[in-house]
Every structure is written in C-alpha cells, then in structure tokens.
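K.L.:
So the chains spell out like this:
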Amino acid sequence: MRPVASALARQLAAEYYMRFMAFSRAKHLLVTQIMWPYIMVVIIILLGEAYGDIEVYAGNIGVDNPVLFLFTASAVALSSLSAVTYTASSVIWARWLGTLEYVTLAAPSSAVYVAAAGFAGASLTTLTVYASVVPAILYFGGLADLLVLGYLAGLTVLGLATLLAAGIVAGMASVALRLESNVLDFIPPLLVLLSGVFYPVELLPALLEAASRFIPLYYVVEAAKLYSSLSTAPLELAAPIYAAAVLGLVYAALAVPLSLLLERAMLRRGA
Amino acid sequence: MREDGIVAESLVKRYHIGGLLRRGRRYIEALRGVSFRARRGEVLGLLGPNGAGKTTTVKILATLLEPDEGDAWIAGFHVVKDRGLVRRNIGVMLSVERGFYWKLTGRENLVYFGLLYGIPRAKLDSRIRELSDLIGLEEVGVLDKPFEEMSLGMKARLGLARALLADPEVIMLDEPSLGLDPASARRVRRVIRGLAEEGKTVLLTTHNMVEAEEVCDRIAFIASGRIVAEGSVDELKSILSPIVSVVARLLPPHNEVNGLLDKTLAGFDFSVRERGEYLVVRIRVKRGEEHLAVEKLLSLVKDGFRLIESRVEEPGLEDLYIALTRGGSEA
Ligand SMILES: Nc1ncnc2c1ncn2[C@@H]1O[C@H](COP(=O)(O)OP(=O)(O)O)[C@@H](O)[C@H]1O
Ligand SMILES: [Mg+2]
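Protein chains in written order, with the numbering used here: chain B, 1 to 271; chain W, 1 to 331.
No wet-lab data here; the hints were simulated from the structure.
Some hints here could point you the wrong way.
With a Cα cut of at most 30 Å, we get these calculated DSS-like pairs of lysine-lysine [to be verified]:
1) W/K145 to B/K27
2) W/K286 to W/K302
3) W/K123 to W/K103
4) W/K286 to W/K263
5) B/K27 to W/K296
6) W/K263 to W/K296
Covered, in the sense of this in silico footprint (three residues per stretch, anywhere, with C-beta under 8 Å from a C-beta of chain W), are these stretches of chain B [what the hints assert, rightly or not]:
7) 93–99
8) 119–133
For every residue, glycine included, the Cβ atom is placed at its ideal position computed from N, Cα and C.
Just chain B, same shape as in the assembly (with noise of 0.2 Å):
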C-alpha cells in the first residue's frame, strides 16, 4: 500500500504541474472553460422558454428557483463528467502521444497513472467551472448560496473520486482492446441522461430510470437539487453524497482486479 500511495502522490505532483504548465500556455482553454457553463444555461432557457413557460420547467423538475438550479447543475455536471472522461481519455491520450510507455516505466502501475492523470484534470476542471459560476450564484442568489455552493463543491470532489473507477476501468479497457477514443465519446451524455442533470429521471423509461442509481452522478445532482429548492441543511445535502460514495467504493473494488486483469492484457499485447 505503501509504494502505491507514494507513486500516486509523485505521479499527482507531476501531472498538476504539467497541467499547470500547459495551461499557462493556452489561455484560451480557460476562457472556455469559463463560458460552458453559462453557454450551457443559456441553451437550456431558450429551449425551455420554446418549449413553455420556465415556472413549468421549475415545477417539473422540483425546484424554486430554476436559474439557481441550473447554474448548480451545470457546475456538477461539467466537473463530474471531466472526471470521467479526463481519466478514461488519460490512457489514450498518453498513448496517442507516446508517453505512455515512460510514463509506466517510471511509475508502479498504470492504472495509479490513470487515477493520477485523471483526478489531477478533473479537479482542476472542477475549480474552473465552479468559480465561473460564483458571479451567476452571486447576481441570482446570494452570499449564504455562495456559501452552500463551496459545500458542494467539496462533496463534488468526493464525489470525483467515486467516479474515477469507472474511468480507469473505461480507459485501460479502451486501450486494452485497442479501442480509439472516438469510443469514449458515448459516455458523457449517457452520464448526462442518467444523473437527471437537466431533467427528470422520473421521465426516464423504468430500466433507464433504475440505472441511474447505479451512477453516482445522480446521487451528486440530488444533493444539487435539494440545495437549489430548499436551502437544505449541510447536512442533509450530504445523504445523497454519502450515497454517491459508497456506490464509488463499491465501483473501485470492482476496478482493481479489473485493472489488473487489464494491465496483463497490456503487457501481453503490447499496448
């Protein structure tokens, strides 16, 4: 346990600082990072105000105040879904560039590299998104709501960390069975339709709807929920996250000897 713990704090360590680094170069990802999520509440008004009167939209989905809501949603959803998508792309990204390779002969276990390069994205991506939508929660809502939204955007970390198992799993079997990326691009809105993002699971046909318990995304948006429709206790926000957890235990135990396995492959064939 020892040497893993070290070799992800190293690997960690390395890609923030390249991450950093890369950053700094190419500031206008930053801007872009910065205007998804008000892109994304933007298309989601219009359409709804297309489709009937936004008072129906906030009834349907349950809360008092939409924009708040929606503003929230969409920090929790973009941050939640990079960490999937950041750590299963990770492996191929690494790959494509031909780091992979040095990356393995410098760190114990490719699935600790994984893990590293995926949360150290996703937590970056995490913190740009949720300061980008500090102004919106300010001008719609107010200090106490800023206050609720750091909150969440601790449990949304916690909640990131449950969802890397999947990545990892997703990546190194992507990489593995030498899929292309372009297979990946199927799991952020299927996340999307299942975590209730941006309406109902209740919507959902029953086999979907039972699915997205099994996606701790969705336990994540109902903490979201009840924060933006009854300015619930801390407390009582944490319910859904603790849920959101113990699903991504479940998930990570399950991704260990699955990485393993998948790590042989590598190793066998040559990835």
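We have chain B; now place chain W with the ligands onto it with these hints.
P.N.:
Same frame as chain B, but now just chain W with the ligands:
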C-alpha cells in the same frame, strides 16, 4: 550474472492478429528464441533490418511487453518476476519523435518525468543542468523550446536526457540516431561511449552499420527474430570473412614494370590499377598472412619502386550485414 547488465535467454514473442475473440488463430512470430548478453561497461549493438525484432526485444527487456517464452535479466533482476526492480534500474528511449508533451518545453518535460521518478525538485534542477552539459541541451536550445518546435536532433537529445534522468545502470536506446543531423548524432554517440566508460551497460538498436562499428563494443545481428551472429566487430569480421586485402600505392620506376610486378607477386591473388602516375596494387591474403604480401611489396622497393602508402583493408561490416541478413531471412 552480476557482471552482466543484460541477459536474454531464448526469448520468444508472438503477436496475435485479429480481434480479442479470435485470439490464437493467427500470429506473427516476432522473436524466435533470442539470446545474448551485454556486460557492464559495454555497448552492445542490436543490428538488423526493419521488422527483424529489435523493438520487440527492447520492449521485453524494458518490461513493457511480456515474452511468451524465455527469460531475461536486467542487472540481475528478472524482467517479469522483478518488474519493479528492473524499472528502477533502466533508462529507455523508444522513439526519437514521440513520447513528450508537445506544448511543454524540454525543461518542463524533464521536470514532469523527474517528478514521476520522485526526484526532489532541487535535485532535479541540478540533474537537468548536469545532463544539459553532458548532452548539450542548452547549447542547441532544447531546454526552453516547446517540444513541438524541436528538430529531430533536439528531440533525440531530450529523449537521451530523459533516459539518463534517474541515473540508471542499464540504458536501452531504440534507433537513437535515426534521422539526426550529424552534430547531434555525433554527440549522442559520444555520450553513449562515455556511459560505457562509467561502467553502465548500453544496448542500442540500429540498422546503421557505420554507427554500430563506431560506437559498439560488441554486436548481435538479428534477422527474422533470431540472433544470427554475436561478437566484437573484429571477431565477427574474422569469423565471417577470412580474407583481407593488402592495398599499396606505388610510384613505379621509369622503365617497363608490368613484367616485374607479375614476377614478384606470382602466386598471389592480386590486381593492379593505374591512378595517374601511381599504381594501386591490391593483394588478397588469408587473415594473419598479411606480412607475406608486405614482404613482397618491400622487395619491390629494392627494384626501384617507391612505396607511397599501404594498408590492410577489412571487409566492410556492410558486406557482412548483407550476407547475414540474407541468410537469416531464408530461415
Ligand atoms: N503490436 C504488434 N502487433 C503485431 N505485429 C507486430 C507488432 N509489433 C511488431 N510486430 C511485428 O513483429 C515483427 C518485429 O517487429 P519489430 O520488433 O518492431 O522490428 P524492428 O524494430 O526490428 O523493426 C515485425 O514483423 C512487425 O511487423
Ligand atoms: Mg523498431
């Protein structure tokens, strides 16, 4: 085993082709029993044509690929059973063109990999300075240029620096000088020689004979997944080619000389060519019998010839290479 940096024993590797579900039906046998050794303080060249199995061998020795059969040890550690220990003792360069972050500079890339190795930041900076002096990174502007803007020569220097970052015992370089400018290629070769002199073990693959002859202590020829010959450059030449040429440039006396040459060199396999006022005489003898030809040449001096220069010509490594790989691919 301790004095051997690298030991490969009967390595076999098959690449299965077709999807996962149809595994085992069709495969390419990339290695068919590869064995060789490289001692500490030695540069071993793995020389062979494209598709011979050089990269596959390096990847197996670097723990990036598992062999289907056979064993290999790096600094005494088994490449499958002691994978972690092997990784701590090797530095690898697999391809000159890839393997770095495009947007990051040479220095930033080295810091990234240094952090992965767990080298503390302060020590890392001084290590990068050391390597810069050794390989000439600063000199050609590698440290402060983004990787995407580098020439092949710069990329190769950076790749070599990464391989040496953690000061490994065994260094493996896959075609390190492919496509480099002459200055970078020379620098890379000089660094490789220096590493061997420090007592490191270096394995380098190449299909460049000149490079192999210049930088390697010993050479293993690989063709179609088999080692077809192994030894020092001189050993290989003497085993594979028992005939050498004694070549002399002579200034003949003014009188008629052709009869004299024929008489003196009677019994030798020789040829004569005119080069302006000189004659170039090439005498083929068995290796070790060069002196017999030289004695005859000296006797010509008594007859009024002036001996301008003479040398013993080895068959080129290139000739050997062609002979060996032709033999190998028929197997
Ligand atoms: N991942 C792979 N899948 C299938 N065949 C491969 C793979 N890698 C190499 N080969 C085949 O194995 C043989 C040896 O390749 P390689 O080791 O790359 O040779 P070299 O480096 O000497 O050019 C070649 O026939 C090559 O086509
Ligand atoms: Mg090759």
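K.L.:
Take the hints in turn and mark each one as holding or not.
P.N.:
Here is what the structure says about each hint:
1. W/K145 to B/K27: Distance ~18 Å between W/K145 and B/K27 Cα, so the pair holds.
2. W/K286 to W/K302: holds (25 Å)
3. W/K123 to W/K103: holds (24 Å)
4. W/K286 to W/K263: Holds: W/K286 and W/K263 sit about 21 Å apart, inside 30 Å.
5. B/K27 to W/K296: Roughly 79 Å separates the two Cα atoms, so the pair is violated.
6. W/K263 to W/K296: holds (10 Å)
7. 93–99: As far as the segment 93–99 of chain B goes, the hint holds, because 3 residues have Cβ atoms under 8 Å from chain W.
8. 119–133: It is violated: at least three residues are needed, and the segment 119–133 of chain B offers just 0 whose Cβ sits closer than 8 Å to chain W.
The structure fails hints 5, 8 (numbered hints given earlier, in ascending order).
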